[in-house]
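Residue numbers (numbering that gives the first Met the number 0), protein chains in the order written: chain A, 0 to 167; chain B, 0 to 274.
Hints were generated in silico from the structure; no laboratory data involved.
Treat each hint with caution, since some may be false.
[Claimed, not checked] Output of the computed footprint for chain B on chain A, the stretches with three or more beta carbons under 8 Å from beta carbons of chain B:
| hint | segment |
| --- | --- |
| 1 | 53-61 |
| 2 | 68-75 |
| 3 | 79-85 |
| 4 | 116-125 |
Ideal Cβ placement from N, Cα and C applies to all residues, glycine included.
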Amino acid sequence: MQNKDILINILRFIILILLQVFILNNINFLGFINPYLYIFFILIFPFNGNKALLIFLSFLLGLCIDFFGDSGGIHAAASVFIAYIRPAFLKFSFGVSYEHDSIKLGKSDFIKRFIYIALMVIIHHVILFSLEIFNTDHILLILKSTLFSSIFSIVLLVTTMSLFSRKS
Amino acid sequence: MQQILFFFIRNKNFLLFCVLFLVSIGLTIQSHSYHKNKFITSANFLSGGLYSFKSDFTGYFNLRSENNQLIEENIRMREELEFFKKNSFLTELDSSSTLSKYYYTPARVINNSFSKTKNKITIDEGSKKSIELDMGVITSKGIVGIINNTSKNYATIQSILNTNSQINAKLKSTDHFGSLVWNTNDPNIVQLEEIPRLAPLVIGDTIVTGGRSTIFPEGILIGTIKDFKLLADESSYTLNIKLFNDMTNLSHVYIIQNKEREEIKLVEEGETDAE
Chain A
0 MQNKDILINI LRFIILILLQ VFILNNINFL GFINPYLYIF FILIFPFNGN
50 KALLIFLSFL LGLCIDFFGD SGGIHAAASV FIAYIRPAFL KFSFGVSYEH
100 DSIKLGKSDF IKRFIYIALM VIIHHVILFS LEIFNTDHIL LILKSTLFSS
150 IFSIVLLVTT MSLFSRKS
Chain B
0 MQQILFFFIR NKNFLLFCVL FLVSIGLTIQ SHSYHKNKFI TSANFLSGGL
50 YSFKSDFTGY FNLRSENNQL IEENIRMREE LEFFKKNSFL TELDSSSTLS
100 KYYYTPARVI NNSFSKTKNK ITIDEGSKKS IELDMGVITS KGIVGIINNT
150 SKNYATIQSI LNTNSQINAK LKSTDHFGSL VWNTNDPNIV QLEEIPRLAP
200 LVIGDTIVTG GRSTIFPEGI LIGTIKDFKL LADESSYTLN IKLFNDMTNL
250 SHVYIIQNKE REEIKLVEEG ETDAE
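Could you put the whole structure together from the sequences, leaning on the hints where they help?
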């Protein structure tokens, strides 16, 4: 990574945490639906970047969100998981050669991009809400929270991504 | 040896993932048991500081409703005072005997959650003001929760909107006891369980704290009965309680310190030792 890339990623890391903690965690749409935009960092981390570094940074990112939300390690667990599984999803959505082509996410096909985002968000939210609720009696609540929050997160992430790609 | 080293190098991502994932699962499990969550808490220097910085700004938005609430409380206390003045023929000159056995410490809510299943509230007073674990927290309208973590300047409260929470409560009119829990559906409705079948229930009756623990004094307001149903085995009622407090809009709370708590604890511990 270039110096500029490192700086951009650090800034993105901090801004996403602050945005998530102070604004998005307080939306509570219909009483319980919050979007989780902070995984944007994991989604657009350079595709050819160091994988071990991404896993570690995702852990830190999740842990910071947990600190603010008093939630144990649920965000850390979900983030680490999607960071580890990311190469598989990239391969699934963009084809085997994603790493060599160095595709720009913003310039890729909309459908491919959408599948990639949706897969990552749904896996993240399933782990997040299963760990948060942690009770098989409330399995319906887990599914309900996952479904509604996923829709909200996916919409927000797709919008954010198109906003940023247009600028560059 | 070389084989083992190669194995580690080849699978370093997977191993890193396993370690970090297990650490976070461990932290999660720890946070699900009351009092054990020592590491991941917003009552620390950084997040506590940032939250109180934020509430310095957002606090201005509800100053008006906050003032109205204080005026209401003042009026109510004034009326109660008049009532006591009228009814006490023996004016106590010895001030020490009239002092209450509870101290109240005011604090400001700097972070509040109510959309999760295990909700916590962060306040801007901590062990510096001798706030400790297991102290009760109320507002002028009713109960809020119990302190479950403290740092020097901040503390977190386990809200009554938390599936781990269980508080002793009773019917104000007939003194039938039950325990207060939350079924995660609505942040303004909590459930009172194990009310005996004989209890005469009327919709709209007041529920107050029971005073069977050292945490809350007896008679702190909780809410009114919204509806009730008999359990399948017809042994007891489960009541839906509409809270007096709006848990989604808390800004100032009082922490209750029981002066006699140490003594009660000492007596109770002595009892178990003797057995």
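Failing hints, ascending?
4
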